[in-house]
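Asker: Now for the letters of each chain:
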Amino acid sequence: MSKDKKTVTTVNPRTASRRKFMKGLAGTAIGATLAGKAMASAGSKKSGFLTINSLEEYLQKNYREMTKEEKAQVLARMEKEYSERYGKDVKVKDTEPIDGVKFTYALDLNRCIGCRRCVYACVDENNQSRENPQVQYIKVLQFENGTMDFEESNRYYNPEQVPEEGKYYMPVQCQHCEKAPCVKACPIKATWTEDDGIVVVDYNWCIGCRYCMAACPYEGRSFNWGDPHLPAEEMNPNTHYLGNRPRMRGVVEKCTFCIQRSREGRYPACVEICPVGARKFGDMNDPTSEVRYIFEHKRVFRIKEDLLTEPKFFYFFG
Amino acid sequence: MANFMEFFVGTVKLVFVGSKRYYAWMAFLIVLAAIGLAAWSQQLSDGLIVTGMRDPVSWGIYIGNFTFLVGVAAAAVLLVIPAYIYKWGPIKEIVLLGELLAVSAICMCLMFVTFDLGHPERFWHLIPGLGIFNFPVSMLSWDVVVLNMYLALNLCVPVYILWKAYHNEHPNYKILWPFIIFSVPAAVSIHTVTAFLYSAFPARAFWNASILAPRFIASAFCSGPSFIIIAFQIIRSTTKIKIKDEAIFKLGEIIAYAMGINLFLLISEVFKEYYSHTVHLAPMEYLFQGLHGHNGLVPLIWTAIALNVSAFIIMIVPKLRKNFKFLNLACVMMFIGVWIEKGPGLIIPGFTPTPLGEVWEYSPTTTEVLISMGIWAIGLIIFTLLLKVAIPIETGEFRKPGLENK
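Quick note, the sequences are listed as chains U and C, same order.
Residues 1 to 318 in the working numbering are what the first sequence lists, from first letter to last.
Residues 1001 to 1406 in the working numbering are what the second sequence lists, from first letter to last.
Calculated directly from the structure, the hints in this document are not laboratory data.
Honestly, I wouldn't trust all of these hints.
Unchecked claim - Lysine-lysine pairs mimicking DSBU-like chemistry, simulated, CA-CA at most 35 Å apart:
| no. | chain 1 | residue 1 | chain 2 | residue 2 |
| --- | --- | --- | --- | --- |
| 1 | U | Lys80 | U | Lys102 |
| 2 | C | Lys1244 | C | Lys1319 |
| 3 | C | Lys1272 | U | Lys179 |
| 4 | U | Lys102 | U | Lys189 |
| 5 | U | Lys102 | U | Lys304 |
| 6 | C | Lys1020 | C | Lys1322 |
| 7 | U | Lys184 | C | Lys1272 |
| 8 | C | Lys1272 | U | Lys304 |
| 9 | U | Lys167 | C | Lys1244 |
As the list claims (entries may be wrong) - Listed next, the stretches of chain U that the computed footprint assigns to chain C, with coverage defined by at least 3 CB atoms under 8 Å from CB atoms of chain C:
| no. | stretch |
| --- | --- |
| 10 | 70-81 |
| 11 | 222-228 |
| 12 | 233-243 |
Said to hold, decoys possible - Pairwise CB distance ranges (calculated):
| no. | chain 1 | residue 1 | chain 2 | residue 2 | range |
| --- | --- | --- | --- | --- | --- |
| 13 | C | His1292 | U | Glu84 | 44 to 50 Å |
| 14 | U | Lys179 | C | Tyr1275 | 29 to 35 Å |
| 15 | C | Ile1211 | U | Gly100 | 42 to 48 Å |
| 16 | C | Ile1211 | U | Glu144 | 30 to 36 Å |
All residues carry an ideal CB built from backbone N, CA and C; glycine is no exception.
Sequences and hints are given; from them, build the entire structure.
Answerer: The structure is reproduced here in structure tokens:
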């Protein structure tokens, strides 16, 4: 399904002001209430403190401590719950990492045109909240040629056409760091690095303290400030426990390299949708992979490398 | 058990009987607390979206208040050192009141943190054995350990002293002194751990400074004792507790030195960022001057600096410090000044600009402010009630029925 370049409906910092924000908040609150009512039958459910679904769910252990049987029970319970809520045959998988694989991403800055198709493909694939809050894992930064100073970047560019003359575009998402500061930060190990390199979150274990968000140098993480709004007709029923299954309010989420796809040999949605082939993804341990070729033959770099977080996300000018 | 029931009945009488001022004070606090709890129920119902926090600034005044109050809790107990060195006797009273303040402050801290969580009902995930505790890697896990240990310590020591006094007995100092001495490094530890929480991550350049922990301790010594000076005056004018003027003036002197150090550390930070002039200047620029048209914090921080400097001058000049009008004014100014510096003045610039360069301005919503005020009210209720029971025990007015007052 082709998408026209959309505008991002967040506040433009250049024209925002506290009064506007408060007005916007009031308007959003009213809008949210109406939208919430409208979406009530379409999959938005109050998921907070006062609406714990079941004792089982409340007492659920951390994913890594569950036995095979416990996992199977949890997955079955979730499939039933989500299928009822969204009126679709929802699958919640827990596909294991493929042995010996280390997922790596490479992004060609010479090709990216800033169209943001990746942003929206990601939202569709990963069942993110559409509004209140609007969650987008990928942020596309527009830079002037000649600088890579993040403070000079603009993520709210909105011209008639992209790419604009004299600018280049750098999409940023979770970098899946080898030495992830977010994993160090979490007081309850609700987030960790899997064997194939993907940094994941157990949404049912997260208590929503947001320390991981403070620790992340790449703005890789988003928080469900309110109940997620996911229209039933837009819901992707092919989900993974650690990835795109529908989340609840009060938990952190982020890019998972489309764990529901990549562990089955498919590309993440952002890689597939990119119209100019700027995005490359694969297994660094595979000597025949694209990413390995790029790593060995192109001038790759990582952002904020001096922080020694060792991202698995490389950039290059192809 | 019967003993305890008798005690409990006695405390109920103490808590519900008082002067008109006491009733007015408690009624005022209860109203604020009720409003805060009503606001909290709205937050529980709709989620944290009722606050002004969003992804760019994911911590706000809840964590700001938490940080400030950890400082107050730490300083309350650090009084033990000067009380002992300067022989303020009776040290017991001062230590006791300080520890009860620490208990109230820690309760407020725990409430602020809990109300900031996305899923407070999942708190059991933190309990080692039941959940998973990422100790010692996560600095937050250290905070959980030291805060709870500190709360336990500050409950046990006063309860022991008071229980003994209630029975007309002296506490066994051989057991007690090690705990009192231990409470000093414990107090330093809670605030150091909180500072380390912030300074741990290079993602937040404004916080990632070695100076943060020393600054926290210095400003804690300004905020806690300021509150205590005012509290002491109220206590000695409404109860039989005697607190010497010298003790209060000495506290004022200590506060002066602490604020001097705090201001010196502030100047050190400002020099380093402005002179080096790297990208790391941006949060400080946002705070003191505004950035890209956003200057919401500028009036706030300059008010804080004005308050702190004025208070410092009053406290350092002995003639002014020993004048109660000036002293109390300085205490109020300093309490507010440090609150601004350590609350919004610390948290918000940590997130502004964001790691990828966005300047998004946070401001708290009404709900957030009401919840914060409610928690302050509850903390003051706890402190008042603790004093309402502890002081009559200390002065001998409340004793186990049948025992002669010694």
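Asker: If you test the structure against every hint from before, which numbers come out violated?
Answerer: 9, 10, 12
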